[in-house]
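Number of protein chains: 4
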Amino acid sequence: MPEKNENPVYARFVTEMQVRPDDIDLYSHVHSSRYLDYILAARFDQMERCYKMSMQEFAALGFGWFQRSLTINYKRQLEIAERFKVETGIEEFLKDGVIVSFKIFKANGKLAADGTCNYALIDMNTRRAVALPQEILEKYSI
Amino acid sequence: MPEKNENPVYARFVTEMQVRPDDIDLYSHVHSSRYLDYILAARFDQMERCYKMSMQEFAALGFGWFQRSLTINYKRQLEIAERFKVETGIEEFLKDGVIVSFKIFKANGKLAADGTCNYALIDMNTRRAVALPQEILEKYSI
Amino acid sequence: MPEKNENPVYARFVTEMQVRPDDIDLYSHVHSSRYLDYILAARFDQMERCYKMSMQEFAALGFGWFQRSLTINYKRQLEIAERFKVETGIEEFLKDGVIVSFKIFKANGKLAADGTCNYALIDMNTRRAVALPQEILEKYSI
Amino acid sequence: MPEKNENPVYARFVTEMQVRPDDIDLYSHVHSSRYLDYILAARFDQMERCYKMSMQEFAALGFGWFQRSLTINYKRQLEIAERFKVETGIEEFLKDGVIVSFKIFKANGKLAADGTCNYALIDMNTRRAVALPQEILEKYSI
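Chains as they are written, first to last, in my numbering: chain A, 1 to 142; chain B, 1 to 142; chain C, 1 to 142; chain D, 1 to 142.
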């Protein structure tokens, strides 16, 4: 009889992007806050393409995702016009959100940054976190 | 008998701001698109402080201002942490919008940029331009 | 005997991009200043891919391109996650720069914005505009 | 005989800023990555005004500050045009950098976000972290 998996491992997905000129800062590499924008862009892409539930579908159901916390470690700089990859995946389901880990890879495959985000599922009417509906849990548990 | 003023001149207002580090680009001066953000920030400030009708009040009435066109001439660069001034004023009332001219001045008083914006007054329900209500015309005709 | 072409028409190039979540503003569509960032990103892409002279090559030669002026007409809004195209091409060579016209097309092919930019070629040592070298003129005259 | 202070407490400084319209995102509050830009802007202000060593002075000495990691907890949203305060201070000196903690306060005094940043002091020639020079240690140990 199979035991219940205590530590499920969820699928990880990869989005390719390119640095825009306006992402470059006074040190001629990508500005530190833009890495957060890349992670969010990757999540939007993967929600639609991989989890089959786009942000627009969440919005249509009256939901939003608010960031509760983030930890990021910057390892190597992204350069002007560089093509990079953002890998994300769910680490853990919370009652009212998810913990997502991410890795950003440079064009040469080396790690540019990694870390974790904690996102709360928000009822946009009350603007408060709500328990994850079963439908969302299922779509995300891949 | 006084003649009708064919060319009314409207009040001009000034907002002081400071360059943020994230505004700086690969050439170590303010990125060209951020000048547009400064103009918008100045308009928001002046709408509340000078015209006595904040963007939030417009929004509460169901209105928004969408930019229809913009011409900007870049004259001198804004530098890191520079304190600068944005002067704006109405050049002309349109049936469904306004033409605003702007001048951005460096800390030393020299011209950094100038130009004009055409803003449409939008009914946020239909997302279409509407005729300027009398109340708005009056508040702006100073 | 062929007559000199008084009105040469230069090649036009197209770059595809996608709206990032951080480009969206309080009206839930792309913020007006981000259109300028898209145009710049398209030029960077086309300089490398189409004119065969990347910004990094310009920089290695001690040159930069500074924007001298811009006129943009906003026609239709770009939406969240929308895939759009930016077409640009040279309208005219100036002694010390170029006039570039651009069109931004929505995913449905309709025009989102158009306009023109005037870019000066800058000697990065003096930070002043310089005459276009023959090599650049040739690479761009396609 | 006084004992060595094992846990020195360093001065904390406060910078006031205002939300710009371009900081607002699709949820009509400040975009999550802009909080990082506010923290950086506060550090730049405080380096010049409080520590008496501006970023430009660091740059003139051949130094830069690169962010090595960041943890941020989002507590309450910053709103359009809101005036807020960023308090920062050094938590700990590293051999080749500093750990800075920050708190962002809303106009009503409530906490909007808090967290810590790890900044490395970079020799801009080698682009590698270097030991903090005595002069910088002294200016910062207030």
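Mixed in with the good hints there might be a few duds.
Since the list can't tell identical chains apart, any single copy or any two copies may satisfy a pair.
Pairs of lysine to aspartate or glutamate, EDC-like flavour, derived with a Cα cap of 20 Å [said to hold, decoys possible]:
| no. | residue 1 | residue 2 |
| --- | --- | --- |
| 1 | K75 | D123 |
| 2 | K139 | D96 |
| 3 | K85 | E57 |
| 4 | K85 | E16 |
| 5 | K75 | E57 |
| 6 | K139 | E82 |
| 7 | K75 | D96 |
| 8 | K139 | E16 |
| 9 | K52 | E82 |
| 10 | K139 | D114 |
| 11 | K95 | E82 |
| 12 | K110 | E57 |
| 13 | K95 | E16 |
| 14 | K106 | D123 |
| 15 | K103 | E138 |
| 16 | K103 | E57 |
| 17 | K95 | D114 |
| 18 | K110 | E48 |
| 19 | K95 | E48 |
| 20 | K85 | D114 |
| 21 | K106 | E138 |
| 22 | K103 | D123 |
| 23 | K52 | D114 |
| 24 | K85 | D123 |
| 25 | K106 | E135 |
These aren't lab readings, by the way, just hints derived from the structure by calculation.
Is it within, between, both, or neither for K139 and D96, if the alpha carbons may be no more than 20 Å apart?
Answer is within; shortest intra-copy Cα gap is 15 Å, inter-copy 45 Å.
Using 20 Å as the alpha-carbon threshold, which applies to K52 and E82: within, between, both, or neither?
This pair counts as between: shortest inter-copy Cα distance 17 Å, intra-copy 28 Å.
I want to check one pair: K75 and D96. Are their C-alpha atoms no more than 20 Å apart within a copy, between two copies, both, or neither?
between (31 Å within a copy, 15 Å between copies)
Tell me, please, which holds for K110 and E57 at an alpha-carbon limit of 20 Å: within, between, both or neither?
Answer is neither: 34 Å inside a copy and 24 Å across each miss the 20 Å cutoff.
20 Å Cα threshold - placement of D123 relative to K106:
neither (36 Å within a copy, 23 Å between copies)
Quick one: K139 to D114, C-alpha cut-off 20 Å, is that within a copy, between copies, both, or neither?
neither (24 Å within a copy, 32 Å between copies)
Using 20 Å as the alpha-carbon threshold, which applies to K139 and E82: within, between, both, or neither?
neither (32 Å within a copy, 23 Å between copies)
Alpha-carbon proximity between K85 and D123, which holds within one copy, between copies, both or neither at 20 Å:
neither (31 Å within a copy, 28 Å between copies)
First find the shortest C-alpha distance between K110 and E48 inside one copy, then the shortest across copies, and answer within, between, both or neither for a cut-off of 20 Å.
Neither, since 27 Å and 24 Å both go past 20 Å.
From the Cα coordinates, with 20 Å as the cut-off, is the pair K106 and E135 best called within, between, both, or neither?
Close neither inside one copy (35 Å) nor across copies (32 Å); limit 20 Å.
Between the shortest in-copy and the shortest cross-copy C-alpha distance, which are at most 20 Å for K95 and E16: within, between, both, or neither?
neither (31 Å within a copy, 36 Å between copies)
Between K106 and E138, at a C-alpha cutoff of 20 Å, which is it: within one copy, between copies, both, or neither?
neither (32 Å within a copy, 34 Å between copies)
The earlier numbered hints that this structure contradicts are 3, 5, 6, 8, 10, 11, 12, 13, 14, 15, 16, 17, 18, 19, 21, 22, 23, 24 and 25.
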